[in-house]
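Sequences are here, hints too, so could you generate the full structure?
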Amino acid sequence: MEPDLVAVLRCPVCADGLALDDRTARCPRGHAYDLAKQGYLNLLPTASNGIDGDSAAMVGARTVFLGTGHYAPIRDALILAADLGEDDLVVEVGAGTGYYLSGVLGLAPRRRGIALDVSKFAARRAAKVNPRIASVVCDAWRELPLIDGSAQLMLNVFAPRNAAEMARVLAPTGRLLVVTPNQQHLAELVDVLGLVSVDEDKERRLHESLAGEFVRTGSELIEETMRLDHTAVEQLVLMTPSARHVNYRELMQQIAVLREPTIATLSVTLSTWEADPGH
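Residue 1 is where the sequence shown starts when you use my numbering, and the numbers rise one by one after that.
If you're looking for bench data, these hints aren't it; they were derived computationally from the structure.
In silico lysine to any residue, SDA-like type, Cα no more than 20 angstroms apart, as pairs:
1. Lys202 - Glu213
2. Lys202 - Gly212
3. Lys128 - Ala57
Right under this line is the structure:
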């Protein structure tokens with residue numbers, strides 16, 4: 001992990017800035033956090049211990065599925081919407097494996113990223129995806145371990161949204177890119193495989209979650225028809241929250257009788273948000 005990336009982090013105990021000393025991040029008050037051997041930094045407050053993040057199996061499935069390119073339209077849209085400078089810092093809340101964040105950083109050698117996720121298994125993957133990404137374990141519902149105004153762009157893809165903390169971390173001219181699923185998303189698979197469906201009030205809840213801190217300045221529909229083989233369907237299910245509810249043996253039986261390739265709709269909305277000038 002690069003020292004300049006640690007320098008934008010802050011201590012989860014006292015909120016003082018952190019500095020890297022060998023393989024330990026320290027604050028002026030003496031709180032210390034050792035880098036894991038896999039390269040990530042655990043800044044999860046003690047009070048958050050025991051919360052559920054993605055399991056190793058879910059992260060593994062996500063790595064395989066994203067590697068097929070079926071969700072590349074989402075990453076491509078984020079790259080186009082990012083509009084970054086060469087030295088900008090990008091923070092992704094709920095970064096998972098770092099797939100989207102790494103894409104947005106692109107080939108700009110001075111552009112940097114912070115991947116935040118509550119799952120240590122996701123953090124391990126994100127730590128290896130790009131040397132310009134600092135992978136940090138934290139709780140998105142608590143104070144984010146970043147100094148005020150440090151990020152020029154924040155990404156939030158199928159992830160929790162803590163509006164007050166995201167607004168604090170964003171620079172005054174920074175932007176927030178949010179990706180949320182639409183009702184049509186994976187609709188062909190929801191009933192057949194017993195997946196968790198998209199809340200019909202998703203749009204209203206998105207606005208409520210960000211109201212007061214952000215105003216929406218743009219919106220884009222991303223919709224593609226995916227043709228999935230049985231392995232892709234399996235990995236897609238196992239990487240989502242549905243993995244916690246399905247019986248694996250029954251899932252495999254259900255997938256086995258699907259037509260191959262199976263047609264499934266990718267349907268999400270990419271919305272752009274900026275700080276509410278009236279706040």
